[in-house]
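Which chain is which? The protein sequence lines are R and V, in order. Each step along the first sequence adds one to the number in our numbering, with nothing skipped, and position 183 is 183. Each step along the second sequence adds one to the number in our numbering, with nothing skipped, and position 45 is 45.
Some hints could be false.
Each computed SDA-like pair below joins lysine to any residue, with the alpha-carbon atoms no more than 20 Å apart [what the hints assert, rightly or not]:
| no. | chain 1 | residue 1 | chain 2 | residue 2 |
| --- | --- | --- | --- | --- |
| 1 | R | Lys30 | V | Ser96 |
| 2 | R | Lys55 | V | Ser96 |
| 3 | V | Lys92 | R | Leu217 |
| 4 | R | Lys30 | V | Glu112 |
| 5 | R | Lys55 | V | Gln111 |
| 6 | V | Lys92 | R | Lys30 |
| 7 | V | Lys92 | R | Val57 |
| 8 | R | Lys30 | V | Ala110 |
For each label pair, taking beta carbons as the anchor points, the in silico distance ranges come out as [what the hints assert, rightly or not]:
| no. | chain 1 | residue 1 | chain 2 | residue 2 | range |
| --- | --- | --- | --- | --- | --- |
| 9 | V | Glu95 | R | Arg180 | 24 to 34 Å |
| 10 | V | Gly76 | R | Thr196 | 51 to 61 Å |
| 11 | V | Met80 | R | Pro96 | 56 to 66 Å |
| 12 | V | Leu94 | R | Gln160 | 20 to 30 Å |
| 13 | R | Ala14 | V | Ser28 | 44 to 54 Å |
| 14 | R | Leu124 | V | Phe84 | 50 to 60 Å |
| 15 | R | Val57 | V | Ala58 | 55 to 65 Å |
| 16 | V | Arg108 | R | Ala14 | 23 to 33 Å |
| 17 | V | Leu23 | R | Arg157 | 25 to 35 Å |
| 18 | R | Leu131 | V | Ala24 | 50 to 60 Å |
| 19 | V | Trp33 | R | Leu217 | 46 to 56 Å |
Facing chain V, from chain R, some residues (calculated, C-beta under 10 Å) [unchecked claim]:
| no. | residue |
| --- | --- |
| 20 | Leu54 |
| 21 | Lys55 |
| 22 | His56 |
| 23 | Val57 |
| 24 | Arg60 |
| 25 | Ala64 |
| 26 | Thr68 |
| 27 | Asp120 |
| 28 | Asp167 |
| 29 | Phe218 |
No lab work stands behind these hints: they were computed from the structure. This one's a predicted model, so the numbers in the text were calculated from it and none came from an experiment. Glycine included, C-beta positions come from ideal geometry on N, C-alpha and C.
Listed below, chain by chain, are the residues.
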Amino acid sequence: MAGEWVVVPAYNEATVIGSVVADLRTKIGKVVVVDDCSGDGTVDAARSAGAIVLKHVINRGQGAALQTGLDYALRHGATAIVTFDADGQHSAEDLPVLLAPVYEHRADFVLGSRFTGGSDVPALRRLTLKLAIIFTRLTSGLDVTDAHNGLRAFSRRGAQAIHIRLDRMAHASEIMDQIRASGLPYVEVPVRVRYTEYARRKGQRGVHAIRVAFDYLFGRWVR
Amino acid sequence: MGALTSFQSIALIVAAVVVAATLAAAASHAVDWRTAFAWAALWIVAAIAILRPSITVAIAHFLGIGRGADLVFYCGILGMLLGFFAVYVRMKRLESQITRLVRSIAIRDAQERE
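Isolated chain R, as found in the complex (with noise of 0.2 Å):
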């Protein structure tokens, strides 16, 4: 379908984003590279896989970048919205899977779940995601086996309700908080992740979820 768009947040992602929005592109015509200021060549290999590029001028967290590719692809009359990591831990495979529900009209905000599609999860990564998903059922309320999956899909409504303000890692929690105020229907649907060597290296450390449940819980209490 036509207004279908994929948005990929990137930060220092030379050496696979060329391969990343070449697959996107063999499911999806619409690819949005939002490049965070990266320093290396992010924004050419982007750019000649065939993305259109965004470039924050200063580098302002995972969180802003989905935010600039969503309010892009809305301006530019999008009727469903994939959003996706640059490091290659997803698959364009999951592509149909996601976006089903949305032209269904069975969903406006399609979850991507690790854990319910049979992917390779590291103990430690597997431990670190089980205690958030705790703290977001208690925060959010919703009821979701993986909350911090940068796959997801958004029909127009669904992300026209979403505004992101934290501009680092805990956007993921506000997403949930987001999409159960709009009190549009949420379904989750298992995904692939692949946790390659270069994912693993360039993923969230166990630690930092600390530094993120502090700016998610701040940013609840401070507008």
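Since the structure of chain R is already known, use the hints to place chain V on it.
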């Protein structure tokens, strides 16, 4: 009241200079009058407390705190915490303004390339 101790004299001069500088800044519109008066009032209160320590002792006793110096210490800590908090909130607000600016530049630049 006897002769001023050297600490009292120095403190009094510093307070007077700060109050004068604050009011001068407000007169030249470098800061607004409300802020200037609040800041000047704080220094005047400090000067009074230094000239007449018996006042802080009386307030401290009223509150069940042993020494006047302790009362001043507690108030100072509390004031600093409130100050840090205000600065933190302002910093967060500034960060979100920067983000909105960066976002609108990113979108505008992309639209110019189209």
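Do the hints match the structure? See the list:
Taking the CA atoms of R:Lys30 and V:Ser96, the gap is about 28 Å. The hint is violated against a cut of 20 Å. For the given pair, R:Lys55 sits about 17 Å from V:Ser96 by alpha-carbon distance, which is consistent with the 20 Å threshold. Taken as a hint, the V:Lys92 and R:Leu217 pair is honoured in the structure, with Cα atoms around 13 Å apart against an allowance of 20 Å. Proposed proximity of R:Lys30 and V:Glu112 is supported: the alpha carbons are some 17 Å apart, at most 20 Å.
Of the supplied pair hints, the one linking R:Lys55 and V:Gln111 holds, its CA atoms being roughly 12 Å apart against a limit of 20 Å. Using a Cα cut-off of 20 Å, the hinted pair V:Lys92 and R:Lys30 is violated, with the two alpha carbons roughly 33 Å apart. Among the hinted pairs, V:Lys92 with R:Val57 is consistent with the structure: their alpha-carbon atoms are about 19 Å apart, no more than 20 Å. Between R:Lys30 and V:Ala110, the direct Cα distance comes to roughly 14 Å. Compliance with the 20 Å bound is thereby established for this hinted pair.
Between V:Glu95 and R:Arg180, the C-beta spacing of about 25 Å keeps the proposed range 24 to 34 Å intact. Distance hint check for V:Gly76 and R:Thr196: the Cβ-Cβ separation is about 54 Å, which falls inside the suggested range of 51 to 61 Å. For the hinted restraint 56 to 66 Å between V:Met80 and R:Pro96, the CB-CB distance of approximately 57 Å keeps it satisfied. The beta-carbon spacing between V:Leu94 and R:Gln160, approximately 27 Å, falls within the hinted interval of 20 to 30 Å.
The supplied range of 44 to 54 Å is met by R:Ala14 and V:Ser28, whose beta-carbon atoms lie about 52 Å from each other. Separated by about 34 Å at the C-beta atoms, R:Leu124 and V:Phe84 break the suggested range of 50 to 60 Å. R:Val57 and V:Ala58 have their C-beta atoms about 58 Å apart, which keeps the hinted 55 to 65 Å range intact. For V:Arg108 and R:Ala14, the Cβ-Cβ distance of about 25 Å falls inside the hinted range of 23 to 33 Å, so the restraint holds.
For the pair V:Leu23 and R:Arg157, the supplied restraint of 25 to 35 Å is violated, since their beta-carbon distance comes to about 56 Å. Here the CB-CB span from R:Leu131 to V:Ala24 is close to 56 Å, well matched to the stated 50 to 60 Å. Distance hint check for V:Trp33 and R:Leu217: the Cβ-Cβ separation is about 37 Å, which falls outside the suggested range of 46 to 56 Å. Proximity of R:Leu54 to chain V holds as hinted, the smallest CB-CB distance being about 4 Å (cut-off 10 Å).
Taken as an interface hint, R:Lys55 checks out: its beta carbon lies about 6 Å from the nearest beta carbon of chain V, inside 10 Å. Annotation: R:His56 was flagged as interfacial toward chain V, and the flag holds, the nearest CB pair being 5 Å apart, inside 10 Å. Because the closest C-beta pair between R:Val57 and chain V is about 6 Å apart, less than 10 Å, the hint holds. Because the beta carbon of R:Arg60 sits about 5 Å from the nearest beta carbon in chain V, less than 10 Å, this interface hint is met.
About 5 Å separates the beta-carbon of R:Ala64 from the nearest beta-carbon of chain V, less than 10 Å, and the hint is met. Using the Cβ-Cβ criterion of 10 Å, the hint placing R:Thr68 at the interface with chain V is satisfied: the shortest such distance is roughly 5 Å. At a threshold of 10 Å, the smallest CB-CB gap from R:Asp120 to chain V is about 35 Å, leaving the interface hint violated. Interface hint status for R:Asp167: upheld, as the beta-carbon distance to the closest one in chain V is roughly 5 Å, under 10 Å.
Hint status for R:Phe218: holds, given a least beta-carbon distance of 8 Å to chain V, under 10 Å.
Comparing the model with each numbered hint stated earlier shows that hints 1, 6, 14, 17, 19 and 27 do not hold.
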